[in-house]
Amino acid sequence: MFTRREALFGVAIGAAAVAAMPAFSATAPQADISALPREKIKLVAPPFVHPHDQVAKGGPKIVEFTMTIEEKPVVIDSDGTTLNAMTYNGSIPGPLMVVHQDDYLELTLINPDTNSLAHNIDFHAATGALGGGELTLINPGEQVTLRFKATRSGTFVYHCAPGGAMIPWHVVSGMSGAIMVLPRDGLRNDKGEPVKYDKIFYIGENDFYVPRDEKGNFKNYESAGDGYDDIVKVMRGLIPTHVVFNGKVGSLTGDNAMKAKVGETVLIVHSQANRDTRPHLIGGHGDYVWEQGKFANPPAKDLETWFIRGGSAGSALYTFLQPGVYAYVNHNLIEAVELGATAHFMVEGEWNDDLMTQVEAPKPIATN
Amino acid sequence: MSPFILKVASVAMAAATVPMGLAAIGWSGHRQSHPAAMTVTLVPGSITYPLPGEFLSDGRPQANPRLRRQFNKSIEIMAYQVSVSDYANCVAAGACQPAQETRAIPSNAPVTGVSYLDANAYAQWYSKATGDDWRLPSDEEWAFAAAERFAGEFEGVENDANNPARRWLSSYKAEVDLNRKPDPLPKGRGSFGFNSLGLADFSGNVWEWTSTCYIRTTLAADGNGVVSSVDNCGVHVLEGLHRAYMSNFVSDGKSGGCAVGTPPDNLGFRLVRDHRGWANRILGYLGIA
Chain A
11 MFTRREALFG
21 VAIGAAAVAA
31 MPAFSATAPQ
41 ADISALPREK
51 IKLVAPPFVH
61 PHDQVAKGGP
71 KIVEFTMTIE
81 EKPVVIDSDG
91 TTLNAMTYNG
101 SIPGPLMVVH
111 QDDYLELTLI
121 NPDTNSLAHN
131 IDFHAATGAL
141 GGGELTLINP
151 GEQVTLRFKA
161 TRSGTFVYHC
171 APGGAMIPWH
181 VVSGMSGAIM
191 VLPRDGLRND
201 KGEPVKYDKI
211 FYIGENDFYV
221 PRDEKGNFKN
231 YESAGDGYDD
241 IVKVMRGLIP
251 THVVFNGKVG
261 SLTGDNAMKA
271 KVGETVLIVH
281 SQANRDTRPH
291 LIGGHGDYVW
301 EQGKFANPPA
311 KDLETWFIRG
321 GSAGSALYTF
331 LQPGVYAYVN
341 HNLIEAVELG
351 ATAHFMVEGE
361 WNDDLMTQVE
371 APKPIATN
Chain B
3 MSPFILKVAS
13 VAMAAATVPM
23 GLAAIGWSGH
33 RQSHPAAMTV
43 TLVPGSITYP
53 LPGEFLSDGR
63 PQANPRLRRQ
73 FNKSIEIMAY
83 QVSVSDYANC
93 VAAGACQPAQ
103 ETRAIPSNAP
113 VTGVSYLDAN
123 AYAQWYSKAT
133 GDDWRLPSDE
143 EWAFAAAERF
153 AGEFEGVEND
163 ANNPARRWLS
173 SYKAEVDLNR
183 KPDPLPKGRG
193 SFGFNSLGLA
203 DFSGNVWEWT
213 STCYIRTTLA
223 ADGNGVVSSV
233 DNCGVHVLEG
243 LHRAYMSNFV
253 SDGKSGGCAV
263 GTPPDNLGFR
273 LVRDHRGWAN
283 RILGYLGIA
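Residue numbers (our numbering), protein chains in the order written: chain A, 11 to 378; chain B, 3 to 291.
It is possible that some hints are incorrect.
[Stated by the list, open to error] Once the Cα atoms are required to be at most 27 Å apart in a straight line, the calculated DSS-like pairs of lysine-lysine come out as:
1. A:Lys229 with B:Lys183
2. A:Lys209 with B:Lys256
3. B:Lys183 with A:Lys82
4. B:Lys175 with B:Lys256
Derived from the structure by calculation, the hints contain no laboratory data.
Whenever a hint applies, use it, and build me the whole structure from the sequences.
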C-alpha cells in the first residue's frame, strides 16, 4: 500500500538521485577562495533584515548562512484559516540575506527529520545547476551546503524547486525569500551619486490557494500531503484565495506596522516568487526604484506604483516627507483589501503644510 | 485593561432593571404566530455618552461631544441578540434575505452576516408576526442598555492644529492598544455573559446595528451650538467593542469598515419593542388597531 507520504517521497527521491550526480567540484578554472575571510551571519525574520554594511569593507569574503526548513501549520488570516505551510527558517517569506557583489554566499540548508517532504533551494542570483536546485535537494534528516559567487548585484528571489508539480506547490506553500547583493560601493542614484538608507524592510508577497468546502468555507487538512490534490485544483484556476505580505493577512499592520520618521530614508525590498504584483505607497512615492531589482541599472525616479514581475524582487528607496499612517499595498486593490496585500507604515514627525493643507474642512455645499 | 471599561467611569448609570421574568411576558402573546423574544424593560434614566458621528470645529476634527441623555420612558429591549433560528423564521416566511453566513454556527447563536437592511426587514416581519412594534434601538438607547459594556469612540486622540498626522497616529495606536484579537466565530447565546442590567452578550464578537445615521457636524468655534450638520443615512452606526460606521448594505464586518484598526468580527442586531400605550393595546388586543 502506497501512502500519500510515500508517494510524495517517491517523487523526491527520484529527483535526489539525479541531483546526487553533479555533487562534485567543477572543472572550470577556479580562484583560490580558501584564503578568503569568512563571516557568519545570523538571519532575522522579515520584515527585518540582519545588520550589514551598505558599502563593503575590504575585499570579497565568504558569507555563511544557515536555514532550517520547517513544515508547520500557519494561520494566514483572522478567520483562522490554516495553511500547511513549508517555510525557510520558519518564516514566510524566508529571511533576506545580504551580501556584496563578488562575495561568496555559502548556505547550509537543513531539512529536519520531523519534516515529511524533500526540499531544495533555487537562487535566482546564482549561476548554474538550476540556481543550485540540482545540488541542494535534501530529504528529511539531511542537510546540504552550497556556495555560489554573487556575480551580479541586485535583489533576487530564492525558492524551493524540488521538481515537477512539487515546484509550484512548495512555492505557494510559502517556500520563497530573497537575497540582496549590494554593489561593493553601495547604491547609486540615476546620476551615479551614492545613496544610503536609514532603514530597510523586506516584504515578501505570497499568493495562497486554499480549497473550500461545499459551503464555501476554507478547508483544513491534517498534513500538507492530504491537501495536495485539492490545492492543485485551486492553483490551476490561477485565482488565489489569499494575497498577503509576510505570510499572513495583517501581519504588517497594527502592532506590527513598520515604523519610520519624517526625514528617514527607507529601502523597501519586495519579492514575489510566483505572480506579478504592483507595490504602491499610499500618500508617498518611490524616489528611486529598481523595479527589476538589479542595481547595475539606474533606478527609475519618482514612481507612483512599481511592477514586480512574478519570480523577481525589486526595491524602492523613499524618504518620508510627511507624518501619518501610510498604507503600502499591492495596487490591485481587490488583492490589497479583499485578499490581504496591505501593510502599514507609522511615520512620526512634523506636518508640512506646504506639501498639503486642507484649505476648508467638509461642510454643506454652498447654496448662493 | 478590558476594552469594556474604557468609558465606564464617565457613563453615569441611572438605570435599574425590571427582573427578566416579569418583563419577558409578551402582552399580546396569545395571538402571535411566534413567541415573543425575551426582553428586559429598563426604567427611565439617563446616560452621559459621546455622540456618534464626526465633529469638526474650526475645520479640525474634535473629540465627540459628551452629552447627557435623559430617557423619560422605559425601554423594552431584547435580552439577547436575534438568533440564527429566529432569523431563519423570517427567511422561511419569505420576508428576509438569507444571512450571508456560511460557517457552521449553533442555531441559538446570534444571527450574523446581516446588513442594516436585513435587520430592518426582520423588524418589520417580526412586528407583523407578533402584533407588536419592533425596531432597531437608536445609538443612545443601545448605549443606555449596554451600560458598563458600552465602549463608544476611541478617545485619548491627540488633536494638534499644526499636525493632523498626530491624530491619525494616536488613534491608530489607541486601536492597536486595545489589543483585540479577532474572534470570528459566533457563540451560543449568553456566551459573553450578562451586564448589570441583565442583558446578554453586549460587546462580544457581534456588533449590533442601530437606527442612528452617520452625521458630520460642524460645531461653533466657541463650542456653543452647531453651525451645520450633514447626515448620511446610507451609513448607520454599529455598536460593540468599539463604535463602527458601515454602509446599509454591508453584512460582513471585515469588509465594511474604513478604519485602519481591527474591524468588527460579525454584524448582528437586537430589537426594542415600542409601547403603543394602553388604549392602543386594548384596541390591538381586540384586533381593531
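Hint check:
no.	hint	in the structure
1	A:Lys229 with B:Lys183	holds, 22 Å
2	A:Lys209 with B:Lys256	violated, 32 Å
3	B:Lys183 with A:Lys82	holds, 22 Å
4	B:Lys175 with B:Lys256	holds, 19 Å
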